[in-house]
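In order, the protein sequence lines correspond to chains A and B.
If you read the first sequence in the working numbering, its first letter stands for residue 1, the second for the next number, and so on.
If you read the second sequence in the working numbering, its first letter stands for residue 1, the second for the next number, and so on.
Think of the hints as simulated: they come from the structure by calculation, not from any bench.
Heads up, a few of these hints could be off.
[Said to hold, decoys possible] Below 30 Å or equal to it, Euclidean Cα-Cα: the simulated DSS-like pairs (lysine-lysine) are:
1) Lys106/B <-> Lys125/B
2) Lys156/B <-> Lys125/B
3) Lys132/B <-> Lys120/B
4) Lys120/A <-> Lys156/A
5) Lys156/A <-> Lys120/B
6) Lys95/A <-> Lys156/A
7) Lys27/A <-> Lys156/B
8) Lys156/A <-> Lys132/A
9) Lys132/B <-> Lys156/A
10) Lys125/A <-> Lys27/A
11) Lys27/B <-> Lys106/A
12) Lys156/B <-> Lys156/A
13) Lys120/A <-> Lys95/B
14) Lys120/B <-> Lys87/B
15) Lys27/A <-> Lys95/A
16) Lys87/B <-> Lys125/B
17) Lys132/B <-> Lys87/B
18) Lys13/A <-> Lys27/A
19) Lys125/B <-> Lys120/A
20) Lys106/B <-> Lys95/B
21) Lys27/A <-> Lys106/B
22) Lys132/B <-> Lys156/B
23) Lys120/A <-> Lys132/A
24) Lys13/A <-> Lys87/A
25) Lys106/A <-> Lys125/A
26) Lys106/A <-> Lys120/B
27) Lys120/B <-> Lys27/B
Predicted model only: the values in this text are computed from it and were never measured.
There are 2 protein chains.
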Amino acid sequence: MVLEIRPMTERDKPAVMAMLRDTPEFKPVEVEVAGELIDAFLDDGLSLGYCLLVGEVDATVAGYICYGPTPITTGTWDVYWMAVSAKAQRHGVGKALLAATEADIKNTGGRLILIETSSKPGYEKAQRFYAKQGYDLVSRITDFYEPGDDKLTYLKRVDIVVTKSQ
Amino acid sequence: MVLEIRPMTERDKPAVMAMLRDTPEFKPVEVEVAGELIDAFLDDGLSLGYCLLVGEVDATVAGYICYGPTPITTGTWDVYWMAVSAKAQRHGVGKALLAATEADIKNTGGRLILIETSSKPGYEKAQRFYAKQGYDLVSRITDFYEPGDDKLTYLKRVDIVVTKSQ
């Protein structure tokens, strides 16, 4: 298996959109917003510091991540969207995409990385994944998305070197 | 004293921008972002459900508020920006602007209203104001804006009738 992480281009869009549509957790309106974000970032996002990466497994797009600096902050970044195809979830694509994102943010002097996600049962896998990658749950806004669907915010500091004893 | 709350128009922009520049808590970059938001909302924001109101005291613009539906939510709204000129802060302009906003959001079936603000000392008056208007502090993200400057999120539910005994 060959895993490659690289910047997303216009040519990847059909594969990424198909992957988003095949993700059962995403509602149609969310897929639509993700698509608009992809268009905006491919058009002129790079000049604003936004970035889109795709992960390929054996030359097939198997995941993507979309991140950028949070407006009106110094050194805070948001991971706006992330998806990995169901088939590729055991191949470390998500982990590699997030690691590449963190390295990039750290290199530009970033301090904090935020990821917002839903509290719904379908998102438990995502929640466990963020926790395992060192993100702390720092905020919960009850009923944010809709009644019964809270917004969870995960945070990782990348400006502090944490030494952990075994 | 005559207090009037009405939708903002293109003609109010110079007065609102002057008020923003005169607000010591706002950094130049924040005034710039507020100006961009005003332009975007005056241009085509109404079609997206965004709204800008101004408050006039004796026919002089003394405050404004900018709010809109939070993307990818059902019934959640954000107050994106709010300012009241220093001279007018004892005339109830802020209270009237927020009350008009809440009534509008409630009428469109809104459930939650969120206001994000800074933890810095200069924002204590704003924090007290939101708390007095019935907003609860539901989230704090440490060092969000910059080191030492946390993001506070205030929330008010407008879908529940609270009966308060005296």
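Going down the list of hints, with the structure as the test:
no., hint, verdict
1, Lys106/B <-> Lys125/B, "holds (26 Å)"
2, Lys156/B <-> Lys125/B, "holds (18 Å)"
3, Lys132/B <-> Lys120/B, "holds (18 Å)"
4, Lys120/A <-> Lys156/A, "holds (22 Å)"
5, Lys156/A <-> Lys120/B, "holds (22 Å)"
6, Lys95/A <-> Lys156/A, "holds (14 Å)"
7, Lys27/A <-> Lys156/B, "holds (26 Å)"
8, Lys156/A <-> Lys132/A, "holds (11 Å)"
9, Lys132/B <-> Lys156/A, "violated (33 Å)"
10, Lys125/A <-> Lys27/A, "holds (17 Å)"
11, Lys27/B <-> Lys106/A, "holds (25 Å)"
12, Lys156/B <-> Lys156/A, "holds (28 Å)"
13, Lys120/A <-> Lys95/B, "violated (36 Å)"
14, Lys120/B <-> Lys87/B, "holds (22 Å)"
15, Lys27/A <-> Lys95/A, "holds (24 Å)"
16, Lys87/B <-> Lys125/B, "holds (15 Å)"
17, Lys132/B <-> Lys87/B, "holds (20 Å)"
18, Lys13/A <-> Lys27/A, "holds (18 Å)"
19, Lys125/B <-> Lys120/A, "violated (36 Å)"
20, Lys106/B <-> Lys95/B, "holds (16 Å)"
21, Lys27/A <-> Lys106/B, "holds (25 Å)"
22, Lys132/B <-> Lys156/B, "holds (11 Å)"
23, Lys120/A <-> Lys132/A, "holds (18 Å)"
24, Lys13/A <-> Lys87/A, "holds (19 Å)"
25, Lys106/A <-> Lys125/A, "holds (26 Å)"
26, Lys106/A <-> Lys120/B, "holds (26 Å)"
27, Lys120/B <-> Lys27/B, "holds (13 Å)"
Of the numbered hints given earlier, the model fails hints 9, 13 and 19; all others are met.
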